[in-house]
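Asker: Sequence:
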Amino acid sequence: MSMTAEQIRNLVVGLDEEVLLADGSRRPLVNFDNAATTPAFKPVLETVCRELAMYGSIGRGFSRKSDYSTDLVESVRMKILRFVGAEPDEYTCFFANNATDGLNKLASALITDPDDVVLTTRMEHHSNDLPWRERCRVLYAETDKSGRIDYDEIEKLLQENDVKYVTVTAASNVTGYITDIHRVAGLAHKYDAKIIVDGAQIISHRNISMLGDTPEEDLDFFVFSSHKMYAPFGSGAVVGLKSVLNNHRPAVRGGGTVWIVADDWQRYKDAPAVYEAGSPNFPGIVALGKAIDVLSEIGYDSIFNHEQLLMKKLLDGLKRFDDVILYGDAEDIRGRVGVVSFNFPGINSYFLAQTLSEKCAIATRRGAFCAHPYVWRLMDIPYDDLSGFVKCDDANTPGMVRISFGIYNTEEEVDRFLQGLSDIKEEARLRTEESPYHHNF
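In the working numbering, the protein residues as written are 1 to 441.
Derived by calculation from the structure, the hints in this document are not laboratory data.
Worth double-checking, as some hints may not be accurate.
[What the hints assert, rightly or not] Simulated crosslink set (DSSO-like; lysine-lysine; CA at most 27 Å straight-line):
{"id": "1", "residue 1": "K65", "residue 2": "K79"}
{"id": "2", "residue 1": "K79", "residue 2": "K359"}
{"id": "3", "residue 1": "K425", "residue 2": "K359"}
{"id": "4", "residue 1": "K194", "residue 2": "K242"}
{"id": "5", "residue 1": "K42", "residue 2": "K79"}
{"id": "6", "residue 1": "K194", "residue 2": "K164"}
{"id": "7", "residue 1": "K269", "residue 2": "K242"}
{"id": "8", "residue 1": "K194", "residue 2": "K156"}
{"id": "9", "residue 1": "K242", "residue 2": "K190"}
{"id": "10", "residue 1": "K194", "residue 2": "K79"}
{"id": "11", "residue 1": "K313", "residue 2": "K359"}
{"id": "12", "residue 1": "K79", "residue 2": "K313"}
{"id": "13", "residue 1": "K156", "residue 2": "K145"}
{"id": "14", "residue 1": "K312", "residue 2": "K359"}
{"id": "15", "residue 1": "K312", "residue 2": "K145"}
{"id": "16", "residue 1": "K42", "residue 2": "K65"}
[As the list claims (entries may be wrong)] Across the chosen pairs, the derived CB separations fall in these ranges:
{"id": "17", "residue 1": "E74", "residue 2": "D322", "range": "55 to 61 Å"}
{"id": "18", "residue 1": "T37", "residue 2": "E216", "range": "31 to 37 Å"}
{"id": "19", "residue 1": "V390", "residue 2": "L52", "range": "42 to 48 Å"}
{"id": "20", "residue 1": "G85", "residue 2": "N10", "range": "28 to 34 Å"}
{"id": "21", "residue 1": "D113", "residue 2": "G255", "range": "26 to 32 Å"}
{"id": "22", "residue 1": "D180", "residue 2": "E90", "range": "18 to 24 Å"}
{"id": "23", "residue 1": "D293", "residue 2": "D316", "range": "31 to 37 Å"}
{"id": "24", "residue 1": "D67", "residue 2": "E216", "range": "40 to 46 Å"}
Note that the Cβ used here is the ideal one computed from N, Cα and C, for glycine as well.
All chains should be modelled from the sequences, with the hints used to inform the complete structure.
Answerer: Structural data, given as structure tokens:
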């Protein structure tokens with residue numbers, strides 16, 4: 001039996017917490033900034049508190065608490081593999097602080113030569129761009145006019161270059177577009193490359209499997225963060241091929257990664273241990289494991305249906321503003337997670353988001369969302385203008401306003417947002433006109 005909206009909201013921490021508004025009143029916050037981070041599930045918080053009573057040294061202690069904690073961490077590792085359909089004989093999982101940390105560890109391990117070639121896209125979050133461009137040669141597949149990935153260009157670049165890894169986001173944090181990651185996997189493997197998937201924006205929205213329809217479409221690496229899935233305790237995971245991970249080592253070294261250290265040599269362990277230097281984040285790992293349980297209980301079909309309902313209601317409401325600028329396909333939304341970005345001509349997006357927060361207790365995100373090249377393209381910001389925005393005040397840099405849904409958001413909250421936007425839109429326009437920042441962004 002599927003959960004009701006009220007039951008789901010009752011699973012989430014802090015939804016009734018009131019915030020102070022500019023007029024001195026207090027209201028519960030409408031949180032539409034879930035693509036940045038999500039609040040905690042109550043069962044996650046409760047489980048972390050309970051399991052801390054048996055916390056002990058993990059993997060290297062001799063006590064009942066140490067044994068218990070070690071077994072619990074390993075059980076979460078196996079739960080993650082099951083969660084993404086990864087065969088334990090072929091894949092392993094190592095823990096990271098978040099997806100950014102996991103991608104950086106992968107990049108530091110897999111890139112062995114500055115002439116290595118990595119292929120990615122202009123739709124990526126910085127976390128799936130900067131770690132690669134700092135270490136090797138990076139090629140970028142452009143997006144089309146609507147902001148979607150161009151799969152034909154991916155194949156063309158694979159044909160023309162000796163690409164070692166293809167790394168793509170599973171879903172955009174700007175437009176919500178979902179990448180056909182198994183199609184990309186098939187293309188990568190056709191040209192003897194491996195595929196890496198940044199799953200941070202997909203993990204709480206869609207069911208993910210490492211396995212494609214054919215072996216050629218299987219994923220090689222999948223990276224995600226727990227703070228995007230209602231477990232904000234500083235953990236994440238990388239699922240990857242043992243055969244590749246065991247032949248590389250990340251830049252991070254330390255305790256737990258070695259079999260033995262002599263005066264002038266050492267012998268490192270295989271994955272996952274060699275990727276997990278130092279003491280593991282026990283609360284974060286416990287939280288991640290419990291978040292998987294809760295999301296599985298709610299069910300991804302229910303999440304999809306609810307999210308589509310909210311997106312349609314939001315987009316229909318925004319379209320009633322005759323001057324709204326919507327980024328991404330506003331008609332065919334089945335291929336999008338619950339992310340909608342927009343602007344209004346003549347209104348600085350910084351002042352719009354700020355006024356929504358101060359007057360309406362509505363949390364949005366404003367800016368370029370750590371996906372600058374993608375946002376600049378969608379906004380038609382000329383490349384030659386970009387250097388002028390270095391070290392500028394926030395209000396004087398280009399950006400959009402973003403709404404991103406969590407599983408607990410409601411139609412009533414969408415209505416409250418649309419009414420609030422109508423109420424404060426002209427005030428935000430006036431703030432723009434009175435400020436030194438008259439830019440149309």
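Asker: Is K313 close enough to K359, meaning Cα to Cα at most 27 Å?
Answerer: holds (22 Å)
Asker: Does 28 to 34 Å hold as the CB distance between G85 and N10, or does it fail?
Answerer: 30 Å Cβ-Cβ, so the 28 to 34 Å window holds.
Asker: Within 40 to 46 Å or not, the Cβ separation of D67 and E216?
Answerer: Given range 40 to 46 Å: holds, Cβ gap about 42 Å.
Asker: Taking 31 to 37 Å as the stated bounds, is the beta-carbon spacing between T37 and E216 within them?
Answerer: At 35 Å between Cβs, range holds.
Asker: Per the hint of 42 to 48 Å, is the separation of the Cβ atoms of V390 and L52 within bounds?
Answerer: Roughly 44 Å apart at Cβ, these two residues keep to the hinted range, so it holds.
Asker: Within a Cα-Cα threshold of 27 Å, do K79 and K313 meet the stated pairing?
Answerer: violated (36 Å)
Asker: Given the hinted pair K194 and K164, is their Cα-Cα distance within 27 Å?
Answerer: holds (6 Å)
Asker: Sort out whether K145 lies within 27 Å of K312, counting only the CA atoms.
Answerer: holds (22 Å)
Asker: With the threshold set at 27 Å, check whether the alpha-carbon distance from K65 to K79 stays at or below it.
Answerer: Answer holds: K65 to K79 is near 21 Å, not above 27 Å.
Asker: Would you mind confirming whether the straight-line C-alpha gap from K242 to K190 stays at or under 27 Å?
Answerer: holds (21 Å)
Asker: I want to verify a distance hint. Is the separation of the beta carbons of D293 and D316 within 31 to 37 Å?
Answerer: holds (35 Å)
Asker: Looking only at beta-carbon atoms, does the pair D180, E90 fall within the given range of 18 to 24 Å?
Answerer: holds (22 Å)
This entry does not satisfy hints 2 and 12, going by the numbered hints stated previously.
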